[in-house]
Amino acid sequence: MNINLSRIQFFLFLFVAQTGAVFISFQAPFIKATGRDAWIIFLVAGLLHYAVLLFFEHNYEYFKLGPVISWLYKGYWLLLTVSFISYIDYTLSVWAFPKTPDFVVIGLMVSISLYANLSRAETVINLSVILIPMIPLFLLFLLLAWPELEWTYLFPVGKATPLQWADGMIKAQFAFIGIELYLIYRRYVDKNQQVKGWPLVIYQLIWMLFFLFSVIITLLYFTLEEMKFLPEPLMYILKSQHVTFVERLDLFFIYIWMTWSIVTITLFSFTALFVHRLHYKEHKKRSVVIFHILLLLLPLLSLSKTATEKFNAAIIYAHLLFAIVLPIIIIFVNRRKKA
Amino acid sequence: MSEAISTDELVLYIRKIFHNSTDLFVEETEWRNGPAIICYYTVMTEANQVNEQLELIRQREKDNLPKWGETATSSAYPFSVSLLIESVCSGSAAIIFSDTNVLLKISVPKFGMRAPNEPDNEHVIRGSHEGFVEGFDTNISLIRKRLAIPNLVVQTICLGEDSNTKISYVYIDSIADEDVVEQLKDKLEGIKTKAINSSGQLEDYLEDSVWSPFPQFLNTERPDRVVPNLLEGKIAIFTDHTPTCLVAPVTFFSFYQSPDDFNGRVIVGSFYRIVRLMSFMTAIFLPAFYIAVIGFHSEILPLELSKKVKMAINEIPYRPVVEAFLLELFIELIREASIRLPTPIGQTIGIVGGLVIGDAIVSAGLVSNLMVIVVAMTAISSFVVPSVEMNMTIRIIRFPFMIAASALGFFGIVLGSLVLFIHLMNLSSLKQPYFSPIVPFDPSRFKNLFLRMPYIEPSKQQKSFTHGDDGNGGET
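Quick mapping for you: the protein sequence lines, in order, are chains A and B.
Taken in order, the first sequence gives residues -4 to 334; the numbers are from the working numbering.
Taken in order, the second sequence gives residues 2 to 477; the numbers are from the working numbering.
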């Protein structure tokens, strides 16, 4: 398949893939692990994110997937997508559909991804555009909590122990999930458009400000004691907002988040199938359908609260392997081969 | 033609070809070098002008001019029966010289034609009030007078074995994409059918996705809407005897632009364009949103409103989706009845339907007051679109959204929106992206969707009153 991305398409794709499924689940474990220094630790983690991006930008040409490694990556993205779906379904059953059978909700979400992936590649690549008006809306909804923010909660600073720093850096990796897509799609970006330099800095700033904003809002709204009981603090912040036009602002938000998540699932499914087609060009539709049947069936095995939590915790280590360790190995091996 | 056939036999033969139709004129006439036969339909050809032309041609022959049969309205061809049929059926007079085997075609057709008045379905407040008519020549002249350039190309093709309908496509050679023009030509040449009766039928043959609810050709009867599209590199397609012109390739957003945007001021034009785009959202989502709120998410309503809504719907025996379908169908019936009836009666039906029955249906307890407001708002929103085709599309696609909302609440609306969005991204018009500038994503063109930008970008005002200073206020 031959695709040609503009710089903006590429960064939008990457931003949605990186934020889609984790932006409401990321804050709680991160702040619980790091305490009041969460925002400082995230700033440092942001620098690490930028370093990874710079490394990828300098070496993306050496990242070539052979058939065996590509199967490993396809497996990883399948598991990642399954974990997203499990989490979304679990959250939806708590917040919106307690009585609807899981396979109905999952089936409907997966059917959207199936439809998009059976369409032309340009459709999936540009699907994230639907979220553009939703992202500022989400930020605006959160800003409504401004009068209730307690700014003294930012202090004291510098109290985190080395263990907290280490744990925080690991938990911050939730926000890094999907960064490996940079290596997959970078070579398809229009050669006439510059990516390194300012465009990359701007992307990094947008990514970091988005997550840092959500961390700071959460930190300033809740005490650390309260945080222990909240799995999705952003949802509670929105639920607490009183506006004149609606009573439950969080209900709107949950559907914005759901749209965001379905788009993310579609993007990861597309990536897995895209990499598959690099080596196996036949039976395009069949592989799309089989992948989506797996997406429908596998989440049904891990729908309990404990299983979902364990699955999500394990994903972070798979991410470290596939987004950091393996790319470094592949790049160095290919560089040496070339040398 | 066989020399053995006499003129009388030829006259009989021609009569037989045209089945002795009473409006067929076939007569022998004397010519300097022998007899000739004149043949034309009396209802389609101007007889007086035929006589005048014949006088002129006779004079040219007498003067021994080399091509005496060639005038501004006449041409000479080798005789063939198919040419004879085509000429007579298209309103020309055919003069057959059996001795020399020549057919002289005199084009002086006579058709009933209305004036190019403003089309009833595309009114504008300011600007031109001309509209296309049922005649090809008039329609092209309406375009040519607005585009006095030699690059404006008109190509014609005859389609339909029985109807022999003239299809013409018009484009500006220096602007239109060559591949798109070639593709349209191939598509037109590939049409195999007995008859082309309307532009709608032609649209079916040309569309990339005929089963999509969204129109992929802009239908318009306004020359002032076609001309800017031609200048943007698009192609206009005319079907003979139809005032509707098809414009392609178009995008989804083309349907939300009106000549009024450009006839009015920048801010006014931009404001109403935004209003129109917002109306797309309300026309599709409002009834679905209401059904979802009443059926699934009543907790989002503020307490004061919640009480009123509960009181309003408490007495209604049906589910919100049934209520909505009942009223929506009622509105569709009023609309359909108003179109078919003469204008004064149509208006009466609107008033009776809208006010009297609307009030009665609420009093009878079949639907709630709120549902009447929602459906009325939806209907008004759908009529805002300056394209009849898109208007109808919007009216139809809100029904699946209502069903999705009644089954799954907001979740159904989200899923429906994603399906709709993906469908729009998949569509193409003459293989060009229909949902541009979203696919391919090009934020730099977004402003043109929502805003009517000024024709002339204002240049910087001179900063200094001193003569000879540049625009930097005299600073060097």
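These are calculated hints, taken from the structure and not from any lab test.
It should be emphasised that the depicted structure is a prediction, and the values quoted were computed from it without experimental measurement.
Hints may be right or wrong, so weigh each one.
[Said to hold, decoys possible] Restricting the straight-line Cα-Cα distance to at most 30 Å, the calculated cross-link-like pairs of lysine-lysine (DSSO-like) are: (1) LYS300(A) - LYS59(A); (2) LYS193(B) - LYS279(A); (3) LYS94(A) - LYS279(A); (4) LYS111(B) - LYS17(B); (5) LYS432(B) - LYS186(A); (6) LYS234(A) - LYS308(B); (7) LYS94(A) - LYS308(B); (8) LYS280(A) - LYS17(B); (9) LYS448(B) - LYS280(A); (10) LYS311(B) - LYS94(A); (11) LYS223(A) - LYS300(A); (12) LYS279(A) - LYS111(B); (13) LYS300(A) - LYS94(A); (14) LYS167(B) - LYS193(B); (15) LYS332(A) - LYS191(A); (16) LYS94(A) - LYS167(B); (17) LYS186(B) - LYS17(B); (18) LYS234(A) - LYS27(A); (19) LYS195(B) - LYS111(B); (20) LYS279(A) - LYS223(A); (21) LYS448(B) - LYS432(B); (22) LYS234(A) - LYS69(A); (23) LYS448(B) - LYS188(B); (24) LYS191(A) - LYS448(B); (25) LYS332(A) - LYS69(A); (26) LYS234(A) - LYS17(B); (27) LYS279(A) - LYS59(A); (28) LYS146(B) - LYS234(A); (29) LYS69(A) - LYS223(A); (30) LYS59(A) - LYS69(A); (31) LYS311(B) - LYS276(A); (32) LYS186(A) - LYS448(B).
The hints, checked one at a time:
| no. | hint | verdict |
| --- | --- | --- |
| 1 | LYS300(A) - LYS59(A) | violated, 38 Å |
| 2 | LYS193(B) - LYS279(A) | violated, 33 Å |
| 3 | LYS94(A) - LYS279(A) | violated, 36 Å |
| 4 | LYS111(B) - LYS17(B) | holds, 24 Å |
| 5 | LYS432(B) - LYS186(A) | holds, 25 Å |
| 6 | LYS234(A) - LYS308(B) | holds, 21 Å |
| 7 | LYS94(A) - LYS308(B) | holds, 26 Å |
| 8 | LYS280(A) - LYS17(B) | violated, 60 Å |
| 9 | LYS448(B) - LYS280(A) | violated, 37 Å |
| 10 | LYS311(B) - LYS94(A) | holds, 24 Å |
| 11 | LYS223(A) - LYS300(A) | holds, 16 Å |
| 12 | LYS279(A) - LYS111(B) | violated, 59 Å |
| 13 | LYS300(A) - LYS94(A) | holds, 16 Å |
| 14 | LYS167(B) - LYS193(B) | holds, 14 Å |
| 15 | LYS332(A) - LYS191(A) | holds, 25 Å |
| 16 | LYS94(A) - LYS167(B) | violated, 61 Å |
| 17 | LYS186(B) - LYS17(B) | violated, 36 Å |
| 18 | LYS234(A) - LYS27(A) | holds, 21 Å |
| 19 | LYS195(B) - LYS111(B) | holds, 25 Å |
| 20 | LYS279(A) - LYS223(A) | violated, 47 Å |
| 21 | LYS448(B) - LYS432(B) | holds, 24 Å |
| 22 | LYS234(A) - LYS69(A) | violated, 38 Å |
| 23 | LYS448(B) - LYS188(B) | violated, 34 Å |
| 24 | LYS191(A) - LYS448(B) | holds, 27 Å |
| 25 | LYS332(A) - LYS69(A) | holds, 25 Å |
| 26 | LYS234(A) - LYS17(B) | violated, 86 Å |
| 27 | LYS279(A) - LYS59(A) | holds, 21 Å |
| 28 | LYS146(B) - LYS234(A) | violated, 63 Å |
| 29 | LYS69(A) - LYS223(A) | violated, 35 Å |
| 30 | LYS59(A) - LYS69(A) | holds, 14 Å |
| 31 | LYS311(B) - LYS276(A) | violated, 58 Å |
| 32 | LYS186(A) - LYS448(B) | holds, 26 Å |
Hints 1, 2, 3, 8, 9, 12, 16, 17, 20, 22, 23, 26, 28, 29 and 31 from the list above are not met by this structure, while the remaining hints are.
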